[in-house]
Amino acid sequence: GNSVTQMEGPVTLSEEAFLTINCTYTATGYPSLFWYVQYPGEGLQLLLKATKADDKGSNKGFEATYRKETTSFHLEKGSVQVSDSAVYFCALSDPTGNQFYFGTGTSLTVIP
Amino acid sequence: NAGVTQTPKFQVLKTGQSMTLQCAQDMNHNSMYWYRQDPGMGLRLIYYSASEGTTDKGEVPNGYNVSRLNKREFSLRLESAAPSQTSVYFCASSEFWRSAENSPLHFGNGTRLTVT
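Which chain is which? The protein sequence lines are R and D, in order.
If you're matching positions, the first sequence starts at 1 in the numbering used here and goes up one per residue.
If you're matching positions, the second sequence starts at 1001 in the numbering used here and goes up one per residue.
Derived from the structure by calculation, the hints contain no laboratory data.
Bear in mind the structure is a predicted one, so any value in this text is a computation, not a measurement.
Just so it is clear, CB atoms sit at the ideal spot from N, CA and C, and this is done for glycine as well.
Wrong hints could be hidden among the right ones.
Residues from chain D that face chain R, not an exhaustive set, calculated with beta carbons under 7 Å [unchecked claim]:
#1 Gly1040
#2 Gly1042
#3 Val1088
#4 Phe1090
#5 Pro1104
#6 Phe1107
#7 Gly1108
#8 Asn1109
#9 Gly1110
Bound-form chain D, shown alone (with noise of 0.2 Å):
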């Protein structure tokens, strides 16, 4: 069971370039996240997407674009690299967006960027 995939595992861009995140996840979840992990800062969520066919601004959306693909692919886009978007990026998917219980987030093993 591969759970959530995301490539790359590692990036080096230079400022101004373009790149897509790519996440698939194979659970049938209706809910898909994009975090950023920096230190001291624990996860920020970028963008989330409910269900498919709707994707809504998280903590940290600027200089990001998300496109929900359909029900498993969930992508992630920096137009304009900075620096100020070195991170790790996490992809996770949950299975319920509103619950009673709340399902958890199952996460992919990162996407290691950096910006010079």
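Bound-form chain R, shown alone (with noise of 0.2 Å):
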């Protein structure tokens, strides 16, 4: 079946630390793959997609490689600001149905 599994969380940094949030799946056949972020009293928004191996999604200093190798899809930025503090979600979706799988989400904040 498929699946997505995130680190969990909080995490908290500092403005200007580098951010690592890692996300692998499984799944059947060769998803799209997507971060979503969530802001408080927010829906979920589209931050970045990738939709075949080796594809970098990026967005706002965020930036995410699809591999399939190791069938992850980890999300990066160099230098998070306080803006960045939010939810961020792994998901995956099912390209004969168009399921999304969504993981349980790692939460952000950043101090100033």
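Got two chains here, each in a separate frame; can you build the complex from them with the hints?
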């Protein structure tokens, strides 16, 4: 079956620190991979996506590379800001039916 | 551009009461979804509608019913609320049901439901 595992939180970083949030997946076939971000009191927003192996998704300084050999899609940012404080969800989509499978979310707090 | 709009934002129910959560999208999307979000469990799919006129069960459908009223609107009904249904509910939509690039989900801001 399909599933997503992401690192437990919460994560607390100082401003300008390097961020990595790990995400691994199990899937049949060739899923698409996504990172969503949820700011307090809001719904999830698409942050970035990758649709095939070795693709790199990027947005707002965040990056993630679709690694089929390690079944991973780790989220990285070189220098976090206070405004990046949010909950981050890794997700995969089954191309046969567009069903999405979400990780449990990782809460990030960035302190000045 | 409103995107996905959910009402109400907050609701408190007593055990056994019923209510309907409303969702509408203005992006002309074909597919719509209802998720619930619980601490430590991420998002779990309750029901989805791949296209207008169809609905299907997701991972946790028990205790819920849905109606795809038209292409824009997809409602979620709790017939007899239980404390286990205390959660945050999100409606989402996507452009296509099946596509090579798996059109991403667009979410509403959620409904926080408490059942006492």
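Tested hints:
1. Gly1040: 6 Å, holds
2. Gly1042: 4 Å, holds
3. Val1088: 9 Å, violated
4. Phe1090: Holds, because the Cβ-Cβ distance from Phe1090 (chain D) to chain R comes to roughly 6 Å (cut-off 7 Å).
5. Pro1104: 5 Å, holds
6. Phe1107: Given a least distance of 3 Å, the restraint on Phe1107 (chain D) holds.
7. Gly1108: Check passed: Cβ of Gly1108 (chain D) comes within 5 Å of chain R, closer than 7 Å.
8. Asn1109: 5 Å, holds
9. Gly1110: With Cβ-Cβ at 6 Å, under 7 Å, it holds.
Hint violations for this structure: number 3 only, all remaining hints satisfied.
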